[in-house]
Structures are given as C-alpha cells and as structure tokens.
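Novice: Go ahead and model the full structure; you've got the sequences and the hints to work with.
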Amino acid sequence: MSGATGPEPGAAIRARRPAAGPAGRHLAQLPLPQALETAVGLVPAAAGLRLRILGPIAAWRDGRPLPLGPPRQRAVLGLLALRAGGAVHRAELIHALWGPAAPDAAVNSVQAYVGRLRQILDPGRPSRAVDGRLVSTGRSYRLQLAEDELDWLLFQALTGRATRIAADEPDKAADRYEQALALWQGTPLADLAEFHTGAAGAALHRAWAATVADYARVARGDRALSALWTLVECEPLDERAHALLMEALAGSGDPATALRVYAEIQDRLDTQLGVPPGAELARAYQRILRQEAPTPPTQTVRVGATPPVPRQLPIALPGFVGRDVALGVLDGLVKQLDGAAAPGGTVVISAIGGAAGIGKTTLAVHWAHLVADRFPDGQLYADLRGFDPMSPPLGPRDVIRSFLDALAVPADRIPAGPDAQTALYRSLLSRRQMLIVLDNARDSEQVRPLLPAGSGCLVVVTSRRELIGLAAAEGAHLVMLDMFDPADARQLLSNRLGPARVAAEQAAVTELIGLCAGLPLALSIAAGRLATRPAFPIAALLTQLRDLRQLDVLSSEKPVNDLRSLFACTYGQLSPAAARMFRLLGLHPGPDLSLPAAASLAGLPPADTRRALAELTGTHLVTELTPDRYGMHDLLRAYAAELGMRWDSPAERAVSLDRCTSHYLASMERVDRLRHPQYGPIRDAAPLPGVTPVEHTDPGEGLAWCQAERPALTALLIRAADSDPTGYPGSLLAEVWFYFHLWSHWHDMAAARRVAQTAAGPSTPPPAAPGTGLQEQARDEYRWVFERGMRRGPRLAHAYALFGMAQLLNRVGRPRTALTYAELAQDLCRDENDRGGTALALNLIARNQVFLGDPHRAAEAGHQAFQLCQELGDRAGEAFAADSLGLAATKRDDRAAAVAFGRTAADLFGRLGESDAEVEALVHLGQAYRAQGEEGAAAETWRRALSRLEDPLHPQVAIIRQLIEVTMLAGGPDNTGRG
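Residue numbering for the sequence shown follows my numbering, beginning at 62 and increasing consecutively.
A couple of the hints might just be wrong.
[Said to hold, decoys possible] Using C-beta positions, here's what the derived DEER-type ranges look like:
(1) 569 / 954: 44 to 52 Å
(2) 571 / 375: 30 to 38 Å
(3) 1018 / 921: 30 to 38 Å
(4) 225 / 543: 36 to 44 Å
[To be verified] SDA-like cross-link-like pairs, simulated, lysine to any residue; straight-line CA separation at most 25 Å:
(5) 952 / 964
(6) 396 / 225
(7) 952 / 1017
(8) 396 / 494
(9) 396 / 375
(10) 952 / 1026
(11) 952 / 988
(12) 396 / 385
Simulated from the structure, these hints should not be mistaken for lab results. Virtual Cβ for every residue (Gly too), placed ideally from N, Cα, C.
Specialist: See below:
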C-alpha cells in the first residue's frame, strides 16, 4: 500500500445508504402517495376495525385507538394475529408468555386474556359465542379477521398478487410490492420482545426480506435501491441480496459503488465463513465488469451442468389407512405456499406428534410422496433418531453436512465450522422449492438449525414430543395423531388379512382392536402374526392376548417395531419425577384420573404433579382428556405396571395405593359433609399424609364428582371384594359401598359380589344378589349400613338402615313392606331436620305407591321430593322423583305428563352419568310413548337404552330387546304405530 490516507473501507458505501435503524423502519421512505397509504390501511380508516402487528401492536375502531391491555395480553393478540385464520394451541401461548417455568395459574391467565380481547375486538358479543373475531376451539384459539382488518393479512395478499403478475406485468407487480412494504411501520411485534417469541419476529423479518428481493427483481432503475440497501445492512452475509443490490446500482448508472459492495461481501465471506463468493454473486460481479445488461427478472441463469435434484424420501408403505383429517391439514399447508394467504417469505412447518407406534412416520412419508411433484427442487429426508433404541440422536451438524452433499455442493465450497455450514445450507435453500422431512425429532432444539429460509420450502417434522416450542417460536402447525377409530382399525386388518377373513370373525376382530387399543403398530404386529398363519383363527390370537401379557404377544424381532422397546425409548428420556409418576399410574384402578387423584397417588403437591403430568403428556405417554383429567391406553398402562413391578418396592406400591384409596374416601367424605352438614363424618380416620382430597362448594357439584369417579370407585370396591371376599362391606372401602347402596348402583355392587364369590371359593356360601330374597349376606350388609349410620347420630342410624331395607324390599317385589320402612325413615329424618334424608324417603314413598296402585299419593310424594331436591341442588334425587312422577302419570293415563317427566328423568340421569338409572328411566319413557300409540318413538327410546348398557350380560338387555321386538310387531311396516 502507498500509505496515502483516504476513507476507511466501506465508508463510501455507507455514505450512500439511507439512515435506517431496525428492519422495517426505513420502509416508510418508499415513495407512496398519501391517498394510497389510506387505501392500504396505513392510516386507520374511518369505519371498522384495524389491527397492526407490522410494527408495535396497535388497534383502532372507527379511527380511534383501542386499549389492548397489559403486555402479556397484547402478546397473546400479536401471536394470534401472526397465525390469523389458524388455530393456536393454548400451550403455545403459555410457552411464549412464560417459557418452560409457567406458573400454575397460566391456563386461567390465558383464558382471562382471551376473554378480555374478545370483548375488545367484538364488544357486546356473548363470551361463549361460537362465531366472531376471536373464537375458542377446544384448547385452541383462532383469530378470524378480514384482509382489510389486519396489516399482516393485507401484506400477504398484496405480495401474493404481485407474484402472480410479476412475469407479465412487472411494473404493476412492483407497485403491489411497494404497497406491501409500506405497511411495515417499525419493528414487527415489538411488544413481544420481552417474551419467548424471538423466532416469531424472525419469521416476519424473513417475509419482509424475501419481499424486498422479489420487489428488486421486477423494479426498474433505482426504484428498489432504498429497500435493497437496508436489506444488505440487515443481512450482511446474504449473497443473493448483495447480487441484487449490485445489479440495481449498475443499472442506475453507478457500477463503481456496485463493485465496492462486492469487495465488502467478499471480505466478510472470507473473514467470517472462510468461503469465496458463490456462483450467483460471482456472475453479477463479472457482468458488471463486462458492462453487461442485468438478467431479466423472470429468467434464471444456470452455468454449467444442471445440479442433481435430491429425492431422498423413503419408500411409502402400501395399504395406507385413514388419517383424513391430518391429510387435510397438511394439504392446506401446501396451499399456503401458492395462495394469497401464504406468509410471504416464511417457511411453512408442520409438526406431527403422537405416541410411539401411532403412525407418524407412515403419515409423513405417505403424504410427502403425494405432494412430491409440488417441490421441483427436490425432497430431503433425515431420520433424526431422537428415540432410536439402538443409536444416539443425530446432531444437526451431521444432518446439514449430509444435506449439503445431497445438494451437490463441492467439498471445497463447504466451510469447516457448523455455523458457516448452516448459513450455507440456508443460503442454498433460500430461493428453492423443497420439501424437507425431519423424522423422529427428539425436541425443538434438534430441529431449529435444520429449518431453511426459503419461502417455497415446507418442513414436516415428526416427534413423540409435543413440539410446543417450535409452534410458539417458529409458527409450526401442530398435527396430533390419535388411535385409530374402529372403522380405520378394521380397514387396516382387512388390507393385511383380506376382507373375507375379517368378515368371517367380526366379533373376534372387534375384540382384537380393543386389546390392541387401536394403536396402529400393535394392530400391524397382530396382523403380521395372523398373515403368516392363514389357517390360524383370529380368536386363537385373542386367547394368547388374554392369557399372556399383551406386550409379550405384540412383540417384534426388530427393536424399532417392538412395542415394549418403543415405549422404553420414550420412558428412558423422562425426568425421575415424571418416570415415577408414569409407573404409579399403572396402579390406578380406573380408566382415567384427576389431578388431585394423581397427586395423592404420588404423594406430591398438585403443582409438582402437574409438572410431571405435563412432561408425560408432552411425550404422549399420557393424554390430557379434559383440563386436569388424564388417561392412557391399555398397552401403556400394562407397560407402566410392568415398570412399577420391576423398579418400585411392594411397600412403596402399597403405600401409593393406600393414598389413592384415601383420596377417594376423603373426597367422598367432603361430598357427604356438603349434603348433610349437620351430622358427623361417616369415617373417623383423617386422610393419609400426602393425600389431596377434592373440595367442593356445592352439593350438586359434589354428587357430579361422585358420578364422574364411579369407574374408579367401582374398581376399588371390586378390589376390596377380591382381597376380603367375606367382609368387603365392612372393609376400609365401606364408604364406597355405602354410597353405592344409597344411590342404587346395583350393577356395580353385583359386580363386587361376583368377585367376592369367586375369591371366596366353593366352601363359602355365595353372597346374595338383589332379587334373591333377604338372605344372610344381605342382612350382614345392612348391619354395616346401620353401623355407618350410627356415626351420624343414633336416630339417623336407624333411618339409613331403613332406607337400605326399603330399597332392597322394593327390588325383590315387596312394595308394601318397603313403603312402611320408607315412611318410618321419613319420620326419623324430619325429627332430625335431615332434609336430604327426607327427600330420599319421599322418593322411596312415591315409587312404592306407584307399585301399590295409588298414583295420586305417589304424585303427591313425588312432587314434594322433586321440589325439595331442587332446593337442595340434588340432581340425582330430582331425576329419581321425575321418574316416579312419570310412572304415576302413566298410571293416571296422563300421557303428556308421563312423556314430559320421563324425558326430564332420562336427561338428568344422562348428564349425571348414572347409566343404570338412565336405562331404567328410558324404559319407563318408552312405555309412556307406547301408551300414546307412538311405537316408533318407543322403540327408538329403548334402542337408546340398549346403547347405554356396556355389559352385554346386564339383566336389562334381554328385557329391552323383547320390548323392542313386541313393539315393532305391533307397529307394523312403518314402525310408527300410526299405519
């Protein structure tokens, strides 16, 4: 060098750049008349709603600013607006607002934010309205705005229109791009900077950058220079942006500055990445040196041989079944790449989640083959091995290196550092149309470095985890897969075994689907075993599944297809707290459980329990059926039980089960205290340490809890009968039995009696079932009723024993004696001011008066019971009274009243989950319809009753079927009774 002084390198270039700050702020400098600003919404219109997220979040109605509330509430609005028209899961919002350490009240806070935003956007609309601008769909929310109401939607529409006309009308396309870019009024989503949403703003920035590039390709002269200067300032390593700026400078008569731009980017590439300029940048440099005209914007220059197009998709499995909803969602994502609603410049991502063996890879590969032609630049595929039982997860660096090889990048062009390789990978894909399938991802962090920057790219990710972070930060669309429904499961078996074989053993196929829990992999393994044995009856495999451990039968030689191995890979990645919770869930006797029940099972505070369950739901080992209620399919329950037997001591398991039982008993005690606050507790014992009972404030709510927990209570009762066959009514679970007895859950008690009889063996006299007379067992049971009632007070002890006797006498066909007992119980309850007991006595009196042929006295007692139960909030008693009133109306030949009361009883019992009582009420309602001559309505009502009976051996099944047959014969060909 000569040593002469002069401007520092790059100073001349910076002197030409407009003063600009963060991306977006400079765009207001684009030439745009004020009239056009008003037309595209930069100035809020005089009427209607306007929402801005391409800058600080703001909203106006009729030109007046709207108060959008505190920062987190504004952030919720911004995230919903970013995905306008699409569903945003509540978990995504929670992750964005609080990150991984969300407080227990996060769900309530988000619901409150959404409720207030709904009132701001749609003032006066009912909070539970199913339409409007902000709607709830399950645990997701959707913001529904018109194109002229949200600047982001308008931006997408304008860029989409510009792209469609760019080839034929470049000047008009440039106008549309200018209108779109002028919508940017500062840093987009600036309000979200303090939250976990950095990638959301990055996605908007990519949309803006791609639009500036598209604008530069169609703009003539120096029209796009201002935008291009800011683009290269924001993207100092973007070779394509620099090439566009160089050509625009040369085209405007300033080749010297264009060459200085090249010198700067060349120096940065060498210093920061250790690579020379790529082919596109080098071609632009050579054209400027040779003073050649810029390449027309609609043409693509290719030098040398055409690079190979990668086609890396695995072979699709034959006989694909179902998944119509998921396929529809994925098809919709492809349309986003073409339509005006597509986020310009933003890569579209789908995350397919679900349990091990649910068919995520099968779906992703099948769909990828269907749409492969839509991506002319090829398809990339990588198995990230996030849950591989044999190999460690694949690191992003290894995947990117393999992708660069697939893209035919010469070895001397591949930089050594992982960050530089990632930058090169994204640069190569920035303007390509490619489909990338990332299979078996461990978590969001494994995926993020592999995301391209191309506006024409679509990424499909599969994972056993819920990739909430990917959805919240990168805007991924979550697709959750569930078990096959019976129709799809049957179709899978039919495809593998042949329709004739499946049709020949329909009952066995139905049971096989149930034993496989509808899990596609389990069904495939079962089908594979049967397919290799054509003469092997399906029923024979069922025998193995029943008699042996299901996971042993549904095993495979390959670990990747073995259920136990797949479950183990997911389980092995759990934290110790979540792993322990999973093992303990195998102890729970019911099909599902609440958060307090799970907390009691584990002996943990509810907050710690919720965190463990959230980890389990995130890996799809557990399903959150409704808020704070959880379940898992039978195969996972069997695996959890296996792990518990292996890793937890018998003492620890026994203590956990005792806590679970104590939870239900203590919770029932609190329900009882609400219904009868003036009396002492049924039980003397306090809840065990570590138990979280359920607290209620309303008696009706407490009774509804009892109905919801009946499956678990029944299972506990049966377990007690199995462990103490001769004295189970007097065991620790006497309160469960006591509750069932008073509310006439005869079917559940009969199940416990059958278990007790089997456990006791032939040497013990069998327990008496209802309807066989007052034998020794029944009298022993009422002795326990009396003893439990004694804890409420001496006189009420007699009353509750009389209730039990009246119910049993009613069941065995002795209504007169039953009436006497009920009237004695009524007197005792009235003397003790027990309104609940009085209502129960009146119900029993009404029912027995019906059976004794005195409908008028029955109606009098029934109306008193109905009114008293309404006052007490006793919905079950109200339903029982309505049923009795319907029977009395039928006896009085008041057919309209019989139907009306019958409907009320059936509806109330149905809402309470009282299936046995609902069936009985539906039988009575059918009889009321038949009395009116409506045989068709009667038959339909009885069919409804049949559908409520889960046990095909239930004694009501044969009776109802006979009623239907007789009615259909009487009704004639039209089945209405009117023909």
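Novice: Does each hint hold? Answer for all of them.
Specialist: Hints versus structure:
The hinted range of 44 to 52 Å is satisfied by residue 569 and residue 954, whose Cβ atoms lie roughly 49 Å apart. Checked against the hint of 30 to 38 Å, the C-beta distance between residue 571 and residue 375 comes to roughly 33 Å, which is consistent with it. The beta-carbon spacing between residue 1018 and residue 921, approximately 35 Å, falls within the hinted interval of 30 to 38 Å. For the pair residue 225 and residue 543, the supplied restraint of 36 to 44 Å holds, since their beta-carbon distance comes to about 38 Å.
Only pairs whose Cα atoms come within 25 Å are accepted, and residue 952 paired with residue 964 is accepted, the gap being roughly 17 Å. A threshold of 25 Å between alpha carbons decides the hint, and for residue 396 with residue 225 the separation of about 14 Å falls inside it, so the pair holds. Restraint check for residue 952 and residue 1017: the C-alpha separation of about 22 Å stays at or below 25 Å, so the hint holds. Under the criterion of a C-alpha separation no larger than 25 Å, the hint pairing residue 396 with residue 494 is consistent with the structure, at around 13 Å.
This hinted pair checks out: residue 396 and residue 375 have alpha carbons roughly 24 Å apart, not beyond 25 Å. Proximity of residue 952 to residue 1026 is assessed by CA-CA distance (about 23 Å); at most 25 Å being required, the pair is judged to hold. About 11 Å separates the Cα atoms of residue 952 and residue 988, which keeps this hinted pair within 25 Å; it holds. Using a Cα cut-off of 25 Å, the hinted pair residue 396 and residue 385 holds, with the two alpha carbons roughly 17 Å apart.
In this structure, none of the earlier numbered hints is contradicted; all agree with it.
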